[in-house]
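Asks: Sequence order for the protein chains is A and B. Letter 41 of the first sequence, counting from 1, is numbered 314 in this note's numbering, and no numbers are missing. Letter 381 of the second sequence, counting from 1, is numbered 431 in this note's numbering, and no numbers are missing.
Calculated from the structure, these hints are not laboratory results. Do not rely on the hints blindly, as some may be mistaken.
Just the calculated beta-carbon pair ranges, DEER-fashion [to be verified]:
#, chain 1, residue 1, chain 2, residue 2, range
1, A, VAL287, B, PHE278, 28 to 36 angstroms
2, A, GLU297, B, LEU456, 26 to 34 angstroms
3, B, PRO220, A, SER324, 13 to 21 angstroms
4, B, GLN175, A, GLU297, 21 to 29 angstroms
5, B, MET486, A, GLY312, 33 to 41 angstroms
6, A, SER324, B, GLU208, 48 to 56 angstroms
7, A, ALA344, B, HIS114, 51 to 59 angstroms
8, A, VAL287, B, ARG258, 40 to 48 angstroms
9, B, ALA228, A, GLY312, 24 to 32 angstroms
10, B, LEU295, A, GLU297, 47 to 55 angstroms
11, A, PRO288, B, ARG503, 23 to 31 angstroms
In this text, a Cβ means the ideal position worked out from N, Cα and C, and glycines have one as well.
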Amino acid sequence: MHVSHRLVDLALGVPATIGSLAAEQGLRARLEALGLRPGQTVQVLRRASWSGPLHIRVGMTELMLRRRDAACVALVA
Amino acid sequence: MTTLALVGMPNTGKSTLFNRLTGSHAHIGNWPGLTVELMQAELILAGLPLQLVDLPGIYDLRGHTGDEAVVRRFLEATPVDLMVVVLNASQLDRQLRLALQIQRLGLPALVVLNMADEARRFGVQVDPDVLAAALGLPVVLVSAKYGRGLETVREAVERALAGRADVPGPVPLQHLEARLVAVDGELEAAQRALVQAAVRLPQQWRDRWTRRLDAVLLHPVLGLPLFFGAMALMFQLIYAIGVPLQEGLGTLLDLVGQQALKPLLAPLPPFVSGFLLEGLYQGIGTVSAFLPVIALFFLAMGVVEDSGYLSRAAYLMDAFMERLGLDGRSFVLSLMGFGCNVPAILGTRVMRDPALRLLSMLIIPFSLCSARLNVFLFMAAAFFAPRQGALVIFGLYLTSFVAAVLTALLFRGRFPSQEPLVLELPPYRLPTVPQMLTRAWLEVRHFWFWARRFIIVGVVAVWLLNNLPLGVEPASAQSLSGLLGTALAPLLNPIGINPKLTVALVFGFIAKEIVLGGLAVIYGQADPQALSRAIVADVSWAQALSFMVFTLLYTPCLSTVAVIRSESKKLGFTALSVGWSLGLAWISSFVLYQGLVRLGMA
Chain A
274 MHVSHRLVDL ALGVPATIGS LAAEQGLRAR LEALGLRPGQ TVQVLRRASW
324 SGPLHIRVGM TELMLRRRDA ACVALVA
Chain B
51 MTTLALVGMP NTGKSTLFNR LTGSHAHIGN WPGLTVELMQ AELILAGLPL
101 QLVDLPGIYD LRGHTGDEAV VRRFLEATPV DLMVVVLNAS QLDRQLRLAL
151 QIQRLGLPAL VVLNMADEAR RFGVQVDPDV LAAALGLPVV LVSAKYGRGL
201 ETVREAVERA LAGRADVPGP VPLQHLEARL VAVDGELEAA QRALVQAAVR
251 LPQQWRDRWT RRLDAVLLHP VLGLPLFFGA MALMFQLIYA IGVPLQEGLG
301 TLLDLVGQQA LKPLLAPLPP FVSGFLLEGL YQGIGTVSAF LPVIALFFLA
351 MGVVEDSGYL SRAAYLMDAF MERLGLDGRS FVLSLMGFGC NVPAILGTRV
401 MRDPALRLLS MLIIPFSLCS ARLNVFLFMA AAFFAPRQGA LVIFGLYLTS
451 FVAAVLTALL FRGRFPSQEP LVLELPPYRL PTVPQMLTRA WLEVRHFWFW
501 ARRFIIVGVV AVWLLNNLPL GVEPASAQSL SGLLGTALAP LLNPIGINPK
551 LTVALVFGFI AKEIVLGGLA VIYGQADPQA LSRAIVADVS WAQALSFMVF
601 TLLYTPCLST VAVIRSESKK LGFTALSVGW SLGLAWISSF VLYQGLVRLG
651 MA
């Protein structure tokens with residue numbers, strides 16, 4: 274099965290593992306504080322309409338993040 | 051005095067724990083060296099006087115938001131005897147990091163794992179003893195919301211402080227940044243080891259309710275209509291309960307004034323008794339009659355916020371807000387602004403990008419706050435039949451929304467930002483009744499505390515302007531207020547605002563709570579019914595509408611201006627905010643009033 278390489282492109286409901294974060298220091302720190310760290314399993318629950326944010330689940334936490342920011346999160350292929 | 055500070059991430063129930071520990075003794079305190087106000091309370095624990103400070107919710111001591119900087123400055127300026135680190139027990143897989151940062155700084159600390167009830171519901175198992183041994187810090191498991199485990203928190207605090215009795219007094223932290231950077235590399239591995247040793251996470255996500263509710267409430271098509279429907283219902287409910295309460299209270303206060311106070315004050319000279327009864331008592335009475343509506347509003351907003359629905363609103367609205375140069379948080383803060391603008395503007399501290407903060411601060415004052423609502427409910431009831439009145443109120447809410455959107459569109463080019471947006475969507479929670487009542491009580495008290503000095507000074511000033519120089523007929527053209535109204539007439543005549551309404555508007559600049567109290571003083575009528583008859587006899591409904599639109603759009607109050615000034619730290623920006631809202635108010639009222647006149651409706 275092919276798994277896409279960025280969180281923003283991940284299909285709904287498919288678990289994937291975070292590879293790395295290509296974000297500037299501030300965003301990176303916030304993502305890590307909310308549990309988006311390399312090695313963690315992440316899942317996209319839904320996408321808001323009108324190019325709105327993603328609803329994701331990582332560890333024991335559910336988050337919303339914008340697609341632009343989700344593009345910074347690389348997944349392990 | 052011994053100082054304890056509560057620190058923790060957002061959504062950990064930190065404030066609930068604070069309220070539980072302090073009862074209702076909390077007050078807003080100013081800290082030396084910090085230009086922000088923090089909630090604090092004095093309490094006695096085992097015969098020891100303590101002060102407990104509630105620090106803002108933060109994700110990371112090294113973070114870049116205003117709140118995170120506040121916590122760092124606090125730690126550098128204040129010697130703390132004990133840090134109480136509050137963590138969400140079901141999210142230790144990422145929250146232990148904050149406890150580790152505090153531990154590595156060598157601060158005396160107690161770790162409170164809150165929301166134990168939720169952790170159990172989700173199948174998360176935590177062993178506090180193992181965690182305590184590994185961290186070298188005391189750890190207690192509690193559920194602040196249901197009041198479980200509070201005794202163990204008090205005991206743990208006592209023990210921790212007793213153990214420090216022989217240690218010389220605490221010193222403020224130095225070189226905080228450098229020390230945090232030095233330990234940063236080891237935190238990740240340490241957190242993983244702790245979780246492995248002390249926490250068992252469930253294989254399957256167990257919160258079926260949240261999943262099912264989200265499927266409906268975050269639905270791509272139904273989500274937004276459901277949200278606005280829920281909000282409309284909430285406002286309807288507030289009016290349905292609040293307005294009769296307010297009318298009853300107003301009549302009661304008037305009765306007390308006429309039957310009890312008037313005879314009591316009769317022996318005094320007319321100027322003094324008039325000042326006390328018609329100035330002070332009537333002014334304050336008209337304002338206090340509206341406290342029930344305000345309390346209900348805070349209660350309802352508290353329920354929406356604590357249930358987790360407010361964060362969903364940020365998710366639903368973000369795509370729209372992004373096109374305005376804002377984000378989902380700006381929407382949520384504007385919504386909070388419908389209660390009171392001041393805390394909403396303080397809430398922009400969670401934003402990191404100054405441009406985004408400023409743009410949010412520019413739109414929040416257009417949120418129709420409860421103080422303005424008082425004026426509108428009164429005027430709508432006086433001038434229109436119930437059905438039309440409801441439509442007028444709805445129109446004002448719509449105007450408030452349009453003004454905010456227009457402002458964002460006009461100014462987004464001046465305040466461009468690229469701030470990322472990552473927010474937690476907490477599980478849905480059922481707020482408990484005592485928790486909600488405590489919260490609403492604290493907010494109303496805080497609101498009253500903010501507003502009362504302005505209200506008292508304001509109504510007194512209005513009365514004096516109306517009755518000076520001595521011997522003048524109250525509120526006549528010869529009185530000071532009459533002179534002020536006449537002086538401003540060339541500016542306000544074209545929008546249908548007469549000299550009496552002008553005085554109310556001028557004082558409304560201080561606080562909208564004064565507008566009604568001021569009108570009561572200007573028209574010399576305390577009873578709400580009599581006051582509305584007097585105003586209806588004096589101005590047309592088109593003038594009343596223009597007055598309402600102006601009241602909605604111009605500067606909300608002096609407190610808001612002050613907080614914009616202190617939060618933006620820019621005088622120019624504060625002037626822009628005041629100037630733009632005044633300009634927009636005048637133009638909108640002008641278009642509305644002249645339009646109605648041209649159409650022959652006024």
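Asks: None of the hints should be skipped; say for each whether it holds.
Replies: For each hint, the structure was consulted:
In this structure the supplied range 28 to 36 angstroms holds for VAL287 (chain A) paired with PHE278 (chain B), their Cβ-Cβ distance being about 33 angstroms. At roughly 32 angstroms, the beta-carbon separation of GLU297 (chain A) and LEU456 (chain B) lies within the given 26 to 34 angstroms, and the hint holds. Here the CB-CB span from PRO220 (chain B) to SER324 (chain A) is close to 51 angstroms, at odds with the stated 13 to 21 angstroms. Against the hinted window of 21 to 29 angstroms, the Cβ-Cβ separation of GLN175 (chain B) and GLU297 (chain A) comes to about 37 angstroms, which falls outside the hint.
Restraint check, MET486 (chain B) to GLY312 (chain A): a C-beta distance of roughly 40 angstroms satisfies the suggested window 33 to 41 angstroms. Here the CB-CB span from SER324 (chain A) to GLU208 (chain B) is close to 54 angstroms, well matched to the stated 48 to 56 angstroms. Taking the beta carbon of each, ALA344 (chain A) and HIS114 (chain B) are about 21 angstroms apart, not inside 51 to 59 angstroms as hinted. Roughly 20 angstroms separates the CB atoms of VAL287 (chain A) and ARG258 (chain B), a value that falls outside the hinted 40 to 48 angstroms.
Distance hint for ALA228 (chain B) and GLY312 (chain A): a CB-CB separation of about 28 angstroms, consistent with the stated range 24 to 32 angstroms. Against the hinted window of 47 to 55 angstroms, the Cβ-Cβ separation of LEU295 (chain B) and GLU297 (chain A) comes to about 52 angstroms, which satisfies the hint. A C-beta distance of roughly 57 angstroms is found between PRO288 (chain A) and ARG503 (chain B), which places it outside the suggested range of 23 to 31 angstroms.
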